[in-house]
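Colleague: Protein chains in written order, with our numbering: chain A, 1 to 518; chain B, 1001 to 1449.
In short, the hints are calculated from the structure, not lab data. Treat the hints with care, since some could be wrong.
As the list claims (entries may be wrong) - So, partial list: chain B residues that the calculated Cβ filter (under 10 Å) puts toward chain A:
1) Ser1120
2) Thr1153
3) Gly1156
4) Gly1253
5) Glu1313
6) Thr1376
Just so it is clear, the structure is predicted and the values come from calculations on it, not from any experiment. Positions of the beta carbon are idealized from the N, C-alpha and C atoms, including for glycine.
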Amino acid sequence: MVEMPKVILPAVEAAAAPAPTFTGNRALQIEEPLIFEIGSTETTGVDFEEVAETETRLGGLERDDAIGLPGLSEPETMRHYVRLSQKNYSIDTGIFPLGSCTMKHNPRLNEKMARLPGFADIHPLQPEKTVQGALALMTELSRWLLELTGMHAVSLSPKAGAHGEFCGMAAIKAALEARGEADARRVVLVPVSAHGTNPATAAHLGFTVRAVEAGPDGTVSVDAVRAALGPDVAAMMLTNPNTCGLFEPHIREIADALHEAGAYLYCDGANFNAIAGKVRPGDLGADAMHINLHKTFSTPHGGGGPGAGPVVLSEALAAYAPVPFLRRDGDALRLVEHEADAPDGAAPFGRLAAFHGQMGMFVRALAYMMSHGADGIRQASEDAVLNANYVRARLADVLTLPFPKGAMHEVLFDDGFLKGTGVSTLDFAKALIDEGFHPMTVYFPLVVSGAMLIEPTESESKQGLDQFIEAVRSLALAAKAGDAARFTQAPRFAPRSRLDETRAARELVLSYQEKAAK
Amino acid sequence: MRYLPHTDADRRAMLAAVGQSDIDIDALFAAVPEGALRRDLPDLPRAQSELAVERVLSRLAARNVPASSVPFFAGAGAYHHHVPATVDHIIQRSEFMTAYTPYQPEIAQGTLQYLFEFQSQVAALTGMEVANASMYDGSTAAGEAVLMAHRVTRRGKAVVAGGVHPHYRAVIETVSRLGGFEVDVRAVDPATSFEADADKDTSCIVVQMPDAFGRVADLSALAEKAHEAGALLVVVVTEAVSFGALKSPGAMGADIVVAEGQSIGNGLNFGGPYLGLFAARKKFVRQMPGRLCGETVDHDGRRGFVLTLSTREQHIRREKATSNICTNSGLCALAFTAHLTLLGEAGLRKLARINHANAVALAKALDSVDDVNVMTPAFFNEFTIRTPKPGAAVIDALADRGIIGGVPASRLWPDAPTLANAIVVAATETTTPDDIAAFRAALEEVLHG
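My request is simple: use the sequences and hints to build the entire structure.
Modeller: If you want it as structure tokens, here you go:
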């Protein structure tokens, strides 16, 4: 392999104070005010067609108070948001190596397809015969999800991963109710390394959480599961590959042990990107799994959403999928929107959201699947795993690895290498910002001290990875060499230096208040 | 595969760096149990070119009837409004669209500032003190509001008034029942859709305004009734444009306001992605679900924004969190706040006035059809009509004539025989006099032709 030239970082003098300007701006870094400080309630950037004045039939409920909404003209609006956008890091800006979040390239073809009026401009309650193309798309997406996971049924309703967890665990609860065991089985097993959504979901369904420790190799053993199992256990929620970036090698035995004990296996599908097209959770004994379309199938994360979290279900749980769902009726596709209309054998547990799921995300995900094909999806998983292993191999000598072997699509380091340097994991992350990179996930999973979880994804080229690796190496060496100031004062070149999060929580300001009112 | 940057030479070099032979990628999957590793999934298609994918999906899209292509009157929780081109351009800015949750605030000030502006706008619209940084949609926000009222009051029963959208009611029932408490649902008769009682076990009264039939009413007395019993009043709004015309829920005594924000800045999208608005009185802020963005300062004293009160959330509190939500609808919230910035107060009020005027004109036109009655005396941009034939059959026949004439009430309330002939009809700023005339003529023909 060709070695990249080492990045030599210039020595930093004392903390660089922000260069003073009269405006507070720094060239292209503009201090953008709030819309409330630049807009007026009289200004509007929208022209309307005139309508004839008519009588009012608002029942005497006219809003007569001032609302207090600032308006901007169209050019001012554009400038405000473009300036704000320039204060953001994004996947189109550079690598976003957030472990467990899967930030990959967002193809613009997906955006173009989702904006076709035939998808974007149809109403969820218009007659079914006028939306047959949309129902066909949902059917085709379902087919892909079932083939990729080896499962029996799918619910497209959930609007995000955690919503999907709720859906899958609700199906488990409904199955237990049908067996007359809902009152007896109130415990859900959750590994300590699990996403916080798992215990939160279980609790919101009235379950009690029983933690399962991982072994010294970072994975869950069959014995640990057996020890936690009992007649009170409803299910286990297991992420695989897990949040340490490791494939759970005993998952089949774990599934068998759960099933023998009358419990179900819920798979957290957040890390499906590592195995899509290569391993089918249904073949491993999963009973339910959500699929984050925004992660594995690249619908944009949009600063926190929207997501989409369809849930695939095993034969044992298929009957309990919520309404609405699709049904073929001769040549036509129909929606079953009410529990009373469910076909024989179906026993929906209820309804999760008003309409039929995240259609806009379904279009994007299917466009992505069709572009890759099954062969490309498998290649993407392989490249994602290769990239993580490459990062592992090239950083293993300067960072510390908590587990002796293995990495799937993400690799976990801990803060052992920072011991005695005066540099914290958070400082290290902030210093990466100054180098032009979004930091990795830090302090998660909770099973190791000062976790740093790096997930490059398949989108990153070897050259791009080499640049990232060299930056991390240089920082690690600088920390060990005693250059703590570089870290504790970071970031120095971001739109903001370190923000006071304690003050934000203590002196809560959650909306604009006029200066005079303060 | 056009999205994957590696050449085979890259892959070989990288495999060598990790100490594997240059052909055996599967060695990296050694932990997968025997026999579970697939070489192929033969029932799925192979990779396709951009052109091929576009062709297939465009043809599927062409089998649907877009709202903008026909006279269109369906509402019932999703509304056909115009979105300015500027809004879609803004949300397609790479730095907004492809960013993650703002966990590193120093390089996410763009997202955080617009979320703060969004929260401020939502608080103003709803007449409440605090708002969160958005939820999945209006219906799931309604479910979260009921769970929150349960946490605040520590009482086990929610009362849902009959005028609440039946899908919202179903979501509330589902999350409440699975969470282990009771929901008491009132009648669906439009005449009683704002009526509900509270007692010492009631955590909240949930009421929708305008209701699912389009009717409007003053909720002050209901708020008083709830508060006298020690319960909260949760107000649901499915048409956010109505905030520009109607007295705010906060002014009528609401404790929690949840709304569907789709109407402002977001398209119909066959039901999603949408945007849930969630606002409350400040004293309940620590019991709120979802994300909150707060103002603070940086190390150099400059104003900045961060996610705050995250000790309520699942990534810290795990099973004790206020909700399991770790996604908001950030990009949909951006569309909402950008559109509302373009509108401003003057524009929103005018938009609301036009919506109402068109609905009044539509009601007059439909009322003039023999045997058709408008059942809703006071409304914003949506109302219910009764026809002499089953609503579903009428809508079906109208669709054959190229008109989407509303939502048959039987699709929403299949168990209410008194509503079999009712249709929920909406007008917006997109409704033209020609559309109204075409609807009236087609309805006349379907009923009496």
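Colleague: Could you tell me which of the numbered hints above are not met by this structure, giving the numbers in increasing order?
Modeller: 2, 3, 4
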